[in-house]
Amino acid sequence: MFIRLSAAVAALSLVTGAALAQGAKPTDPQIAHIAYTAGVIDIAAAKQALAKTHNKDVKTFAEDMVRDHEAVNKQALDLVKKLKVTPEDNDTSKTLSKNAAAKLAELSKLNGAAFDKAYVDNEVAYHKAVDSALETTLIPDASNAELKSLLQTGLKIFQGHEQHAEHVASMLK
Amino acid sequence: MQPRWIYFAMVAGLVSGASISALAATVQITMDKLEIAPAQVSAKVGDTVEWVNKDPFAHTATAKNGDWEVMLPPHKSGTLVLKKAGTFEYYCRFHPNMKAVLTVTP
Ligand SMILES: [Cu+2]
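First to last, the protein sequences are chains A and B. The opening residue of the first sequence carries number 1 in the numbering used here; numbering runs sequentially from there. The opening residue of the second sequence carries number 1001 in the numbering used here; numbering runs sequentially from there.
If you are wondering where the hints come from, they were derived from the structure by calculation, not from laboratory data. One or more of the hints may lead you astray.
[Claimed, not checked] Below, a list of computed lysine-lysine pairs in the PhoX-like style, where the Cα atoms sit at most 25 Å apart:
1) A/Lys156 x B/Lys1064
2) B/Lys1083 x B/Lys1033
3) A/Lys59 x A/Lys94
4) A/Lys56 x B/Lys1054
5) A/Lys148 x A/Lys56
6) A/Lys84 x A/Lys25
7) A/Lys148 x A/Lys94
8) A/Lys128 x B/Lys1076
9) B/Lys1033 x A/Lys82
10) B/Lys1054 x A/Lys74
11) B/Lys1064 x A/Lys173
12) B/Lys1076 x A/Lys156
13) A/Lys81 x B/Lys1054
14) A/Lys84 x B/Lys1033
[Unchecked claim] Derived list of chain A stretches under chain B, where covered just means 3 residues or more per stretch with a C-beta under 8 Å from a C-beta of chain B:
15) 60-69
16) 157-167
Quick caveat: nothing in here was measured; it's all calculated off a predicted structure. Glycine residues also receive a C-beta, built at the ideal position from the N, C-alpha and C atoms.
The whole structure should be built from the sequences, with the hints applied where relevant.
Structure (structure tokens):
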């Protein structure tokens, strides 16, 4: 489990590391795309959980994820519209989506308590990885002040979800 | 023409309403961008605390000891009439990184 968790974190560090290694800082349109994609991924994971779980705590948690990430992404869409910025797809977004699709496929094979545990553990790891990407890359590299501020709110939301997920994980044991 | 006693009852209601609000205060606390401000608040038993949620996210104000919980839907406020003295640590159940303290004196 520790191996799996650190592997997930390492996967995202690699992703952000790769973006940095290219020498180019992500641009605001790319940062907006990455942040939006991170939300979309968590919504998709939550919808899978809502379709599969029978656990009340897991269901409530997944509903919270859908509600919050839809709200953040709506704010993000409103902001890019206001700034007349078109979010731009990029390698980081692509890798995130690819990894997420693999995770959905992996979790789709599990059921009952095994699914619940795998989903919640992955939520902890995923939120941790996104937190670190926001802190080390996305927030410092964002140039527009409003985008930076939205990402900072996003970071607090993700950190809150991470703690919430840890709490749910502790109840599943 | 309204009977005189209704008019009298309305005036009495106004007066007693005013005297209640003079005794018991309402303390406002905001939740904005996942920050609770002020994070430390003191009030008295009988006072009302009003949490104003300015976020597009749902929050809660949940006492750590389980004594009370106020649900705060997006852009809504919620109130609690303080009944017990003590120092209450509280947090948001959805975002446990949102934490604050409410001190209630007798
Ligand atoms: Cu909250």
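Tested hints:
no. : hint                  : in the structure
1   : A/Lys156 x B/Lys1064  : 20 Å, holds
2   : B/Lys1083 x B/Lys1033 : 29 Å, violated
3   : A/Lys59 x A/Lys94     : 28 Å, violated
4   : A/Lys56 x B/Lys1054   : 28 Å, violated
5   : A/Lys148 x A/Lys56    : 35 Å, violated
6   : A/Lys84 x A/Lys25     : 20 Å, holds
7   : A/Lys148 x A/Lys94    : 22 Å, holds
8   : A/Lys128 x B/Lys1076  : 30 Å, violated
9   : B/Lys1033 x A/Lys82   : 19 Å, holds
10  : B/Lys1054 x A/Lys74   : 16 Å, holds
11  : B/Lys1064 x A/Lys173  : 22 Å, holds
12  : B/Lys1076 x A/Lys156  : 20 Å, holds
13  : A/Lys81 x B/Lys1054   : 22 Å, holds
14  : A/Lys84 x B/Lys1033   : 23 Å, holds
15  : 60-69                 : holds (count 3)
16  : 157-167               : holds (count 7)
When held up to the earlier numbered hints, the structure conflicts with 2, 3, 4, 5 and 8 and fits the remainder.
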